[in-house]
Amino acid sequence: MADGRVSPVEALSPASKAWGEIGPRSAAPHWGMVVDQERCIGCWSCAVICKSENDIPLGMWWNRILTEGESLDQPEVVRGGALEMQWLPLTCQHCENAPCVKVCPVQATYHRSDGLVMQDTDRCIGCRYCMIACPYGVRNMNWGAPERPTPHETGMVGARPLGTVEKCTMCVQRLAEDQVPACVWSCPAGARVFGDLNEPEGRLATLIREREGYELLEEAGTKPSVRYLPPRRRSPL
Amino acid sequence: MSSAAPPITSGAPVLTGRADRRALYAWIALLLAVMGIGAAAFLYQFANGLAVTGMRNIVMWGQYILFFMFFVGLSAGGLIVASAGRLFGVGAFKPITRLAVLEATIAVILAATFILPDLGRPERIINILLYFNPTSPMIWDIAIVFVYMAMSAFYVWLYCRADLARRGSWLAFGSGTSERTMAREERVKSVMAWVALPAAIMLHSITAWIFGLQISRGFWYSSIMAPMFIASALVSGLGLVIVLALILRRLGRLAFPDSLVAMLGGLLGAFIAVEAFLLLAEYLTALYPGAPEGEAAARMLSGPYLPLFVLEVVVGLLIPFVILSQRRLRASPPWVAAAAVIGILGIFVHRLNLVLNGLSYPNIDLPPGLPVGTPQVGSSFSVYTWYVPTLVEWLIVAGILAFGALLLTAAVAFLPMQEPEAH
Amino acid sequence: GCMKGLSYVNQIYGEDRITTPLVRTGERGSGDFREATWDEVLDQIATGFKDIGERWGWDSIHVFGQVPGSGYIQKGANYRASALLGMSHGTSFDFNGDLPMGMPITFGVQNAEHEAKDWANSRFLLLLGANPVETRIPDVHFLFDAIERGARMVVVDPSFSPTAAKADAHLRIRPGTDAALGLALCRQVVEDGAWDQAFMAAYTDAMLLVNPDTGLRLRASDVFAGGPETHFVAWDTTTGGPVEIGIDRLGVPAGVAPALEGTLDVRLQSGATVAAVPGFELVRHELERWTPERAAEVTGLDPDAIVRLARAYAGVKPAAILMGGGANHWYHGDLTGRAFALLAALTGNIGRSGGGFSVYVGQYKVRVDTSSWWSPGGAKAHVVPSIYFVRGRTETMHPDVPYPAQGWHGLFCTFANMFVQAMDVNRLHETLAGLDLIVVVDHQMTETVKWADVVLPATTWYEKTDLTATPLHPFLQLQQPAIDPVGESRSEVWIWRELMKRIDPAAAAEFFDVDEDAAIAAILESGGAAGGPTEGITLAALTQGPARLNVPDPDVAFKAQIEDLVPFPPRSLPAPLEATAVFVPTGRIEFYKEEQRFRDLGEAVPTWKPPFDDETHDPGAWPLTLLTPHSKWRIHSSYANNAWLSEIHGGRPEVFISAADAEARGIETGDQIRVWNTRGEVVAWAHVSESEQPGSVTLYEGWWPRQFAKGKGVNELTSSAVNPIHEIHYVANMWAPSTGWKDCRCQVEKAGIADG
Ligand SMILES: Nc1nc2c(c(=O)[nH]1)N[C@H]1C(S)=C(S)[C@@H](COP(=O)(O)OP(=O)(O)OC[C@H]3O[C@@H](n4cnc5c(=O)[nH]c(N)nc54)[C@H](O)[C@@H]3O)O[C@H]1N2
Ligand SMILES: Nc1nc2c(c(=O)[nH]1)N[C@H]1C(S)=C(S)[C@@H](COP(=O)(O)OP(=O)(O)OC[C@H]3O[C@@H](n4cnc5c(=O)[nH]c(N)nc54)[C@H](O)[C@@H]3O)O[C@H]1N2
Ligand code: SF4
Ligand code: SF4
Ligand code: SF4
Ligand code: SF4
Ligand code: SF4
Ligand SMILES: [Mo]
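Protein sequences, first through last, are from chains A, B and C.
Residues in the first sequence are numbered from 1 upward in steps of one, following my numbering.
Residues in the second sequence are numbered from 1 upward in steps of one, following my numbering.
Residues in the third sequence are numbered from 1 upward in steps of one, following my numbering.
Derived by calculation from the structure, the hints in this document are not laboratory data.
There's no promise every hint is true.
[To be verified] Simulated restraints, written as ranges between beta carbons of each label pair:
# : chain 1 : residue 1 : chain 2 : residue 2 : range
1 : C       : H429      : A       : G158      : 18 to 24 Å
2 : C       : I483      : B       : F146      : 35 to 41 Å
3 : B       : Y384      : C       : R706      : 51 to 57 Å
4 : B       : Y384      : A       : G190      : 31 to 37 Å
5 : A       : S26       : C       : D304      : 49 to 55 Å
6 : B       : I215      : A       : V77       : 27 to 33 Å
7 : B       : A291      : A       : S26       : 38 to 44 Å
8 : B       : L287      : A       : E76       : 22 to 28 Å
[Unchecked claim] Here chain B is said to cover these stretches of chain A; the calculated rule only asks that three of the stretch's residues, wherever they fall, bring their Cβ under 8 Å from a Cβ of chain B:
#  : region
9  : 114 to 126
10 : 217 to 231
[Claimed, not checked] Here's a subset of chain B near chain A, in silico, CB distances under 8 Å, partners left out:
#  : residue
11 : N57
12 : W61
13 : R124
14 : A297
15 : S360
16 : P375
By construction, the Cβ of each residue, glycine as well, lies at the ideal position given by its N, Cα and C atoms.
Build out the structure end to end from the sequences listed, making use of the hints.
Dropping the structure here:
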C-alpha cells in the first residue's frame, strides 16, 4: 500500500463495512471469485472502480467487460436467427497453473500462498513475456508516463514504475482490511461473489456446483481462481 | 563480374593504399555516427518509456524481438554451416569457415544487444541473474545466447590464432605455431565442431520455444516451431555467409572458386526446400480440420496478411528455390547472391509474420477488446491492432546494425580472413 | 451507485470544470469568456434582472431549474427566489416528457409507482419501452431477484436493448404503437374471460353510467331527487334499477350487482329516458376493434405472440407492468399509459405488491412537504410550463397558465443543460435571441454555458448540502459535503442569497438569511407529525445514512385505495389534493373521460393513434423514426465528457441503423451520416446493427454538440408539438404538456467520406 494514504475503508459507515466483509473462510483460504453472466448488466462499474481504487492511468484497464456480441453492447445473430448478447467481465483469473508465472524470467510475477498471482513491479524488467503467455490478455504494460484526466492520483495503491507490467491484484490492500475487492463491492447487479474456494460449503463452491460454474478457456489448463456462471435458460412465450 | 578469383593476399593487411584507408575511415565514421544516433534514440526511449515505440498491449513485442530472432537465426545458421563443413569433412567449405564463424559471432552479439532496448527497464537486467526463474524459456534463451557468444568468439579466435601468432599479435595470447600446438589446435577444432553444432541447434530451438511453448498464442503453439526455426536459420545464415563471402572476394579479402559458390547455392536451395516443407506441414495441419485453432493460419491467407504471406512464400522461398535449382544459374555468383539476399529477406518476412500474426489478434477477441495501453483518441480498447515500428525503433535498430557492421569491418580489416589451403 | 458516480472525480477535477464566474466577451455561443469576481457578476445580474423586471415585468424572467425531486434545498432555492421576486419558474416533469399523462388522466395523480424493491415480488414482468439494464442500473438486480424466484420477463421494445437481451421474450414492436398492443392484450383478456369484474366494478368507473347523447356521466342529481351533483349512477342488476354511487369511498354498495355492459334505460328527473351505458361498455366497444390481427398490422408483431402474451400475463399473479420513457415519450404516450393501466386493472393487479402499472421516468418526485422552504411566507412561485418558453404559447393553452404578458426577456438556467436537452432546439434559439440576459449556473463547460452572458460556477454534490429522495426508493437522503468547494464555486442557496441581497435586501434579510441545515430541519419538522412522511427522522439520523420514509413496506402505489377503499387520487406533492382531484371527479380509476376535448379528439376511452409527427412529416418522405433513448454512459448530457467513460465507448455519437436501411443508402459502419428533418440536422457516425429494426434509427440522447461532426445535438430534430389533451387542466408538472421525444421522423443519408 502506498505511503500516506488513508484507507477509505476506515471512513466507511458500519453498514457499508459490513456489506463489504469477506464471508466465512477455511483455515487455508484460496481466494477466488464467481462472476454471474446472468446478472451482469455490462455496466462497467467494477471496471471503473478498479481504475480508481488502483490508480490506473488512461489507456490501461485491469478489468473490462467484454460483449459476447457484434461489438460493444451490440447483439449478434445466433443459430435460428435469434439475437443474443451476454457480457463477460474479464480480469486476471489468478490461475493456479499460471503461464505468466512460469515464463517470467525474474520471478516478478509469483503466487501467494492464498492462490493470488501477484506482481512485483520493483523487480519487473518489462520484458512483457508474461503478456505473451497470459491467455486472457489481462496484463498491461506501463508504456509511458502515466496520464490521468485530473491532477490527482486516485485510490489506495501507489503508482507503478514506468516500463513495468501490472494487472489485477485482487485488491490485496482491501483484503488486508477484511474487505472484498473493490469490483465486488461496487457491482450493482450482485453479479460478483468473492470468497474462499477451499471452503467446501462456502458461497463459491455452492454457486459453482448449483449453477454449473465454468472456467474460461478451460482448454488452456490454467486452473483459474475466477469462475463464471452461465446465463439461465430462457422460457420464451 | 568476372568469375576469375582475385589474387589472394593472405595474411597481409588489406588496406595499404591511402585512398583505401580514407574510404575505411569514412566508413567507420559513418557507422559511428549511426551508432551515436541509435544511442541517442535509445536514451530517448529510456527516458520516455516504450510508449515511443509502435508496440502496445496487443502487439507487445515488435521490431527488437524480431531482430533478436533474426540475428539468432543468422548466427546459428552461420555456425552450423561452419561446423557441419568440418564435421562431415566437406573440405571445400574451408575457405569460408572463418567468415562463417565470424558472422555467427557478430550476429549473436547483435542478437544479445537487441534484448536491451526491448526491455521496459533495461537497467534492471541484472535481475536475470539475481532472481532467475528456471521455468522461463527466456532465461534459458538468454543463457544460451551468452554461452554461445563466448563459444563462437573462442571459435573465431581458434581459427585466427595461428595467423595472429605468426603476425606476432598479442591477440594470439602467447600461443605459438609449433607443430604440437597446431596439432592440438586441430583437435580442439574438431571438438569445437562437435560442441558448436548442437549449441547452435539448441540456441535456435530455445529461441523457438520462447514462442512455441505458449498455449496462449494459437499461431505459435506448435511442436514444429523448433525445426522450423532451425530450417529458417540455415537459410538465412548460409545466405548471409554467401553474400558476405562474395563481397569479401570482391574486396579482395577472400579467395575461393566459383564452384564453391555453386555448391553453397545448392545447399541453400536444399535448406529452402526443407523450410518450405515444414511450412507446408504446419499450414496443412492447421488448416485441414477447419477448426478454430486454424484461424491464425487462415488469417495469413487473406486480408492485410496476404501480401506478407506472398512475400514470405512466393518471393522468399519459391523464387530463390527456382533460381538455385537451375544448374546454370547456380554457377553464376551474382544469381546465387541474389537468391541468397531474397532468401534472407524472405526469412525476415517469415519472422515478421510470426510476430505480427501471433500477436495482433488477441486470444480472447470479444469486443471491445484489450486496452491499448496508452491514452487514445476515441476508445481505448481494440480487438485487433496492426503494428508499425516508429522512427525511434528504426534509429535504434540502425544503431545496432551499424555496431554490427563496425565489428565486421574491424574483424575483416584486422583479422586474417583467409583460411590457408589444406596443409 | 454505478460507473458514472464512480468516475465522478473526473467531473469534479476534469478539464471542463468551471471554477470561477465568467462574463461573456465574444458573440453569444462563441464560448469566449473572461474570468470575473463574484461581486462583479452578482452586481451585473442584479442590475440586469432589475432592469428586465422594471421594463417587462419580473415574470418575463424564466427560471429553469429542472426536477426539484433531486435536490429539495438547492433546487428549492429557485422556487423560493422566484416566489419572492415574481419570476416565472419553469416546469420539468412535463417538459422532460416524463410526466406520464395517462396517470393523471386515469388515476388523477402526477404519477405513482411501486418502489423498485417490489419488482422482486413479481411473478411476471412486462417491460414496455423501459431499459432498466441501462437506465436503472442500481435497481435492476431486483428484476434478477424476481427471475431467480421463477418470474418471467417479457420486453417490448423496437430495439434489441440490453434489457431485451436479459428477457425470456423480446417483442420487437413498431415504434409508437404500444397502445395498439395494449388494447389487443386487454381485448384478449376480456375475450378469454380472464378479467376481474369485481375489481373493475369496485375501483374503476366501469359501472358508472354514461349518457351517450351528451357524452357525460349521469349524475345522481340527474336521476334521483335531491341526489348530489357530484355523485354518480350505476345500474343494479338485482333490482333492475339505478343506484347512486358516492365519491367518498370506493367499492360497490352492499348488495348491489352492478351492470358493466349493455344499454340500460334510465329515467331522468327531467322525465326523459336515456339509453345509458356503463363506462365499461364504451371501453369494451373500443376493445372489440383490437383483434390480434389488427394489432399485429399496426405493431408489426406476430398475432399469435400477442395472444400468448395476453394469456401469459393474465395467467399469473402478481404481474407487473413497468413502462419507461420509450413508451411514454410520445405525443400520444398518454394513450399508451391508459391502455396498459386498463390491462393492469382488468387483471386486478393494481395496488398489489408485485403487480401494478408503474411508469418509471424522471427524478420528479417530491416525497415530503417542502413548502416551508419553497414558499417563503406562503408565497408560491408562478410556474409556467417551459415548453411555452421554447415555442411560445399555443392557442389551446390552459387559461390558468401564468404566461408572462410581455413575453420572455430573461433566463436563469441552473441544474440543466437546456440548450442541448430541450426539444426543438432551433426554435428555442429564437426565444434566446430575444432575451436581454442569460444566466447559467453549472459546474461543467456545457453548450448551454457557452451561450450564457454570465456563468456562475456551481459546486458539485460532493461540495454542498442537500436533501433528496427518489421515486424508486422511499428513503430520505442527506447529501453532505465531502470536499471543499473547488475553486470559486458556490452552492445555489449561497448564490440566491447573494443575489437577493443585491436585488431586494429586505426580502433577503427576512427570507434568505437561512442555511441548508435550517431549511432541512424545517422540512423534517413539517412532515414529522405522527403518521407524517418524516415521522421519526431527524437531521442527526440522516447524517448516518438514508432513512426510510414513513410509508408502507413495500411501497405499493394505490395501496390505500385498493385496501382501504380511499377514493382516488392520493395526493401528489407539492400540489394540494384539490388541485389534482379534479382530474378524476369520480374518485375512481377513470377509463372513460368525459371532458369535451377528449370526446372531440376521439380519446374518451383508451385508443391508439398514429405517431403525431406523421402529420408534419409524411412517412413517405421521412421514412425513419428517430429514437433517442437514454444512454447508460451518461445521465442525459452529464458525464458525456467523462474521460474514463469515453475510454470505453469512444466518445463519438453513433446512429444505430438496420442493415436494410443502411444498405438502401449505401451506408456502412463508421460512415459519417446526416440525420435530418424539417426542424434540424446533425451529422454523426453510422453503426449498422442487428439491434435496430428497419424503419427506425437510434441515437442515444445526451451527446454534446462538440462531439457531433455537425449540429447542435440531436434535439435539433425533436418536436415541441403540444397535445391539447394535456391542456385540458393545468397543474404544473402534473397535468401539463408532456414532450414526445421519440415522436420524431427523419431521413438519413451518407455525409462526406468514411473515416473508419
Ligand atoms: N444511465 C442513465 N439512466 C437514466 C437516465 C440517463 O440519462 N442515463 N435518465 C433517467 C431519466 S430522467 C429517465 S426519464 C429514465 C428513462 O429511461 P427509460 O425509461 O429506460 O427510457 P428510454 O431510455 O428513453 O427508452 C427505453 C427503451 O424504449 C425503447 N423505445 C423507444 N421507442 C419505443 C416505443 O415506441 N415503444 C416501446 N415499447 N419502446 C420504445 C428504446 O429502444 C429503449 O430501449 O432513465 C433514467 N435513468
Ligand atoms: N432527444 C431527447 N431529449 C431528451 C430526452 C430524450 O429521451 N430524448 N429525455 C429528456 C428527459 S427524460 C430529461 S429528464 C431531460 C434532462 O435534461 P437535463 O436535466 O437538462 O439534463 P442533464 O444533461 O442531466 O443536465 C444537467 C446539468 O446540470 C448540471 N449540474 C449537475 N449538478 C449540478 C449542480 O449541483 N448545480 C448546478 N447548477 N448544475 C448542476 C450538469 O453539469 C448538467 O449540465 O432531457 C430530456 N431530453
Ligand atoms: S490470468 Fe493471465 S495474468 Fe492472471 S494469472 Fe492467469 S496467466 Fe497470469
Ligand atoms: S514483464 Fe515483468 S513480470 Fe512480465 S515476464 Fe517480464 S519481468 Fe516478468
Ligand atoms: S479485484 Fe481489485 S484489482 Fe482486481 S479487478 Fe477487481 S477491483 Fe480490480
Ligand atoms: S459491475 Fe457487475 S454488472 Fe456491472 S459490469 Fe461489472 S460484473 Fe457486470
Ligand atoms: S448515475 Fe444514478 S446510479 Fe449511477 S452513481 Fe449516479 S445516482 Fe447512482
Ligand atoms: Mo427524465
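Taking the hints in turn, this is what the structure says about them:
1. H429/C - G158/A: 18 to 24 Å: Violated - the Cβ-Cβ distance for H429/C and G158/A, about 50 Å, lies outside 18 to 24 Å.
2. I483/C - F146/B: 35 to 41 Å: About 56 Å separates the Cβ atoms of I483/C and F146/B, which means 35 to 41 Å is violated.
3. Y384/B - R706/C: 51 to 57 Å: 29 Å, violated
4. Y384/B - G190/A: 31 to 37 Å: 33 Å, holds
5. S26/A - D304/C: 49 to 55 Å: Since S26/A and D304/C have Cβ atoms about 54 Å apart, the given range 49 to 55 Å holds.
6. I215/B - V77/A: 27 to 33 Å: 31 Å, holds
7. A291/B - S26/A: 38 to 44 Å: About 40 Å separates the Cβ atoms of A291/B and S26/A, which means 38 to 44 Å holds.
8. L287/B - E76/A: 22 to 28 Å: Given range 22 to 28 Å: holds, Cβ gap about 25 Å.
9. 114 to 126: Coverage by chain B holds here, the residue count being 4 at a Cβ distance below 8 Å.
10. 217 to 231: n = 3 at 8 Å, threshold three: holds.
11. N57: Status holds, d = 6 Å.
12. W61: Holds, about 6 Å.
13. R124: 5 Å, holds
14. A297: 18 Å, violated
15. S360: 12 Å, violated
16. P375: Holds, about 4 Å.
Of the numbered hints given earlier, the model fails hints 1, 2, 3, 14, 15; all others are met.
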